[in-house]
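Model the placement of chain B on the given structure of chain A, informed by the hints.
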Amino acid sequence: MPGLLLDHPTPDFDELLSILRGEKTPGRVPIIEIGIDPEVLQCIQESLLGEPWVLPRGVGGPASPDERYYQQLINLYYRLGYDFVPLCPLWVNNPTGKIRQAADTAEASRGLRDWVDESGALIRSWEDFEHFPWNRIYAAPETLEMAARYIPEGMKVTVSASLFEIIFESLLGYEGLFFCMRDDPQLVESVFDRWGQIVYEYYQSTVECDVVGAIFHADDMGFKTGTMISPADLRRLLFPWLAKYAALAHEHGKPFWIHSCGNLYRNSPSVMDDLIDLVRIDGFHSFQDVILPVGEVKARYGNRLALMGGVDMDMLATLPEDELRNYLRAILDSCMPGGRFAFGSGNTIANFVPLQNYAILLEEAHQWKG
Amino acid sequence: MNFDLEKLKQSVIDGDDSGALELTKQALAEHVPLDVLINQGLIAAMSVVGKLFEDGEFFIPEMLVAARAMQSCMDILKPLLSNMEAKPLATVVLGTVKGDMHDIGKNLVRMMLQGAGLEVVDLGTDVAPEKFIQAIHEHGAKLVGLSALLTTTMTSMGAIIEAIEQAGLRGRVKIMVGGAPVTESFARQIKADGYAPDASRAANLAKSLLGL
Numbered sequence: 002m003p004g005l006l007l008d009h010p011t012p013d014f015d016e017l018l019s020i021l022r023g024e025k026t027p028g029r030v031p032i033i034e035i036g037i038d039p040e041v042l043q044c045i046q047e048s049l050l051g052e053p054w055v056l057p058r059g060v061g062g063p064a065s066p067d068e069r070y071y072q073q074l075i076n077l078y079y080r081l082g083y084d085f086v087p088l089c090p091l092w093v094n095n096p097t098g099k100i101r102q103a104a105d106t107a108e109a110s111r112g113l114r115d116w117v118d119e120s121g122a123l124i125r126s127w128e129d130f131e132h133f134p135w136n137r138i139y140a141a142p143e144t145l146e147m148a149a150r151y152i153p154e155g156m157k158v159t160v161s162a163s164l165f166e167i168i169f170e171s172l173l174g175y176e177g178l179f180f181c182m183r184d185d186p187q188l189v190e191s192v193f194d195r196w197g198q199i200v201y202e203y204y205q206s207t208v209e210c211d212v213v214g215a216i217f218h219a220d221d222m223g224f225k226t227g228t229m230i231s232p233a234d235l236r237r238l239l240f241p242w243l244a245k246y247a248a249l250a251h252e253h254g255k256p257f258w259i260h261s262c263g264n265l266y267r268n269s270p271s272v273m274d275d276l277i278d279l280v281r282i283d284g285f286h287s288f289q290d291v292i293l294p295v296g297e298v299k300a301r302y303g304n305r306l307a308l309m310g311g312v313d314m315d316m317l318a319t320l321p322e323d324e325l326r327n328y329l330r331a332i333l334d335s336c337m338p339g340g341r342f343a344f345g346s347g348n349t350i351a352n353f354v355p356l357q358n359y360a361i362l363l364e365e366a367h368q369w370k371g
Numbered sequence: 029m030n031f032d033l034e035k036l037k038q039s040v041i042d043g044d045d046s047g048a049l050e051l052t053k054q055a056l057a058e059h060v061p062l063d064v065l066i067n068q069g070l071i072a073a074m075s076v077v078g079k080l081f082e083d084g085e086f087f088i089p090e091m092l093v094a095a096r097a098m099q100s101c102m103d104i105l106k107p108l109l110s111n112m113e114a115k116p117l118a119t120v121v122l123g124t125v126k127g128d129m130h131d132i133g134k135n136l137v138r139m140m141l142q143g144a145g146l147e148v149v150d151l152g153t154d155v156a157p158e159k160f161i162q163a164i165h166e167h168g169a170k171l172v173g174l175s176a177l178l179t180t181t182m183t184s185m186g187a188i189i190e191a192i193e194q195a196g197l198r199g200r201v202k203i204m205v206g207g208a209p210v211t212e213s214f215a216r217q218i219k220a221d222g223y224a225p226d227a228s229r230a231a232n233l234a235k236s237l238l239g240l
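In order, the protein sequences belong to chains A and B. When you read off a place in the first sequence, starting at 1, and then add 1, the result is the number in my numbering. When you read off a place in the second sequence, starting at 1, and then add 28, the result is the number in my numbering.
One chain only, chain B, in its complex shape:
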């Protein structure tokens, strides 16, 4: 294989979406296996982006443009994946809890989860407990991510976890929480499985909770 995967990886890290797209097309023309392209190219790139974010070298704009570059590559790879009936590593249901319309933190988590190779069902904002339950059933999710911005809305997280338990799904899904007022101890108090302080660590936590 002559294709330079490092070059593709770097173009995603740099947020160079047109460059990354060209290289992906070139890789396809050179018959680079899809799993290599995705795992060693795109997902590996987003993993570096996450590390740079955690280390304080990347910030939200750099993370967003990298995720956009990866997405533009995935847009042409996804149809090929469905032809192969390839399955994602796992499906995550993600949403901002009832009463809360904060979007950006949750969207960053979505991008980083996708960057980690997970399928994400984003329920959006102001999501009621029953919608989470419905989505877990519908998509066979193994992980639920809950986001909240305010002290007054984070209490909904506990109600959602209780509703999932009452629906008999607690043994089937792991639950992770995050958001400005959320802490590790609050996560333990409401019986979440994990807490992440930012989008990059959320992706790491998701992989660890899913045993990936």
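Chain A on its own, in the form it takes in the complex:
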């Protein structure tokens, strides 16, 4: 598939940072992703590179991470033209939340799609809290060591973990968290404190490594018309932790980027204002046109932080080629001038994004001349 893989990539993470900081006028369109679904990567690995796909670790068990997976992952991001590879922790001793499954309707179907059981929770009481293995949970350190062995010159990895999202997706559950905020606020605070500390320790142990270029924290805070919990509660429960993570990154001279879906733009000061002024994020990722198109976000906030991604998922997944190209060029035309922008999907390259459309996104990035 033309446009997808580069023969001679020249990753330059330092240049990406200069562009995102607004220190350098971009001579190219930097591209970024916080995630590409394994089905998409597998398809590229098998059909374009002709190599077998290796899983991150043994299926269904606590097997150790497979070094070949990290080698393959880095090579794929490298050949696709990225300056960094986003890495997530492989948590050890971490109980998983209840999962439900349904047939996956995506083009690159995984057969069954896992869904969070939104009424499920690992912690429903203080007894559950006391018995939770907080002190035994850690991120497998070898993943970063493995990545470091294969990272090409000029390229870095970013480390991503979640706090709020883990709490509502598995620890307290959606409904559990929302009811508990009223019924037992102390339990909510304690869960934030314990998981917040685990994430802090993960970032602390990784951010000092040379191979790590940035912390790319991921925590969905909202939905189409607002935030799930009030901005006041976000300020009280979540932002102090995010600010600690940001300070940690900054102490090591590295940026703190955040991914969060949802409408963070209501009222003044908005949650986005808080993320910039209180948390001190350096870059923001996740855009949905139905909330606020990236061009408008750039016009509103582009002088205060870097914007990353921008391409609405529905557009990317559904537009026919001509319309998609026009849509992508319009984003580049409005966001590239002045820098502080990197191009990519508004969320992830999900398995329901046709590979052809992903190739068009990359091709438009490579061809854009301004």
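These aren't lab readings, by the way, just hints derived from the structure by calculation. Keep in mind that this is a model prediction, so the values were computed, not measured. In this text, a Cβ means the ideal position worked out from N, Cα and C, and glycines have one as well. Heads up, some of the hints might be wrong.
[As the list claims (entries may be wrong)] With a cut-off of at most 27 Å between alpha-carbon atoms, the simulated DSS-like pairs for lysine-lysine come out as follows:
1) B:K79 - A:K225
2) B:K235 - B:K219
3) B:K79 - B:K35
4) B:K79 - B:K170
5) A:K25 - A:K255
6) B:K219 - A:K225
7) B:K235 - B:K159
8) B:K235 - B:K106
9) B:K35 - A:K225
[Unchecked claim] If you want a taste of the chain B side facing chain A, the calculated C-beta under 7 Å gives, among others:
10) G47
11) L49
12) L92
13) P116
14) I132
15) T179
16) T180
17) T181
18) T211
19) P225
20) D226
[Claimed, not checked] Simulated DEER-style distance windows between Cβ atoms:
21) A:E297 - B:Q38: 36 to 42 Å
22) A:R125 - B:S236: 37 to 43 Å
23) A:Y201 - B:G199: 55 to 61 Å
Only chain B this time, still in chain A's reference frame:
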């Protein structure tokens, strides 16, 4: 009538379920008519909650605890209503479409629809078109609500609307859609009757589509 309906309303808005329950019991003891209690007390309270949500003053936790308070009152009122053979304003069939297991948005819509005095048949998640059709027949529904979280699953909405049309039920029911990737233009494209961006507006839309 000495009973303070405003106090009941406020306790629901505040999500004070035990307070709301006590006041409902007190209202019953004082022979407050059920329709007054429900319409001017509970439903009116949830309408305020919806407005506060739309205005960005309430968020999901506040909406959930208010709905729980209303539900605890309705639990003791419902048996009395069935004794009176009272009928709900209308019945709505609600579900998350085939291939999609997202629950929370749909559940919030259910609560707000109930809060608006509608009877809701919640089919759950991953619901096939034939189940919607069966439920429309079975419950004499006048409105169908479809929810989807992902671009890849929202296409099922069109298939469900087509199936309802092929079953000859399209003239009998209104259809409203919602969910993260769903937009007004997508709703028009698949010939839905309406689109709502969140749970509160879904309740308003439902009432408007039903002419209430």
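Practice task
Take a quick look at whether K79 (chain B) and K170 (chain B) sit within 27 Å of each other, Cα to Cα.
Solution key: Between K79 (chain B) and K170 (chain B) the Cα gap is close to 25 Å, so the pair holds against 27 Å.
Handout entry: Given hint K255 (chain A) paired with K25 (chain A) - CA-CA distance at most 27 Å
Key = It holds: about 17 Å lies between the C-alpha atoms, which stays within 27 Å.
Practice task
Would you check whether T180 (chain B) satisfies its interface hint, that is, whether its CB is within less than 7 Å of any CB in chain A?
Solution key: holds, 4 Å
Problem - Restraint status (C-alpha distance of K35 (chain B) to K225 (chain A) at most 27 Å) - result: violated, 33 Å
Practice task
Starting from the hint 37 to 43 Å, judge whether the C-beta atoms of R125 (chain A) and S236 (chain B) obey it.
Solution key: Since the Cβ atoms of R125 (chain A) and S236 (chain B) sit about 39 Å apart, the hinted range of 37 to 43 Å holds.
Exercise for the section: Hold the hint about D226 (chain B) up to the distance rule: shortest CB distance to chain A must be less than 7 Å. Expected result: holds, 5 Å
Practice task
Tell me if L92 (chain B) is really an interface residue toward chain A, meaning its C-beta lies closer than 7 Å to one of theirs.
Solution key: At about 5 Å, which falls below the 7 Å cut-off, the nearest Cβ of chain A leaves the hint on L92 (chain B) intact, so it holds.
Problem - When the least beta-carbon distance from T211 (chain B) to chain A is tested against 7 Å, hint result - result: holds, 6 Å
Exercise for the section: Mind checking the alpha carbons of K79 (chain B) and K225 (chain A) for me, to see if they're no more than 27 Å apart? Expected result: Roughly 16 Å separates the two Cα atoms, so the pair holds.
Practice task
Quickly compare the C-alpha distance for K79 (chain B) and K35 (chain B) to 27 Å and report which way the hint goes.
Solution key: holds, 18 Å
Exercise for the section: Given the hint of 36 to 42 Å, check if E297 (chain A) and Q38 (chain B) actually sit that far apart at their C-beta atoms. Expected result: The hinted range 36 to 42 Å holds for E297 (chain A) and Q38 (chain B), with Cβ atoms some 39 Å apart.
Practice task
Have a go at the P116 (chain B) hint: is there a Cβ in chain A nearer than 7 Å to its own Cβ?
Solution key: violated, 25 Å
In terms of the numbered hints stated before, the structure departs from hints 9, 10, 11, 13, listed from lowest to highest.
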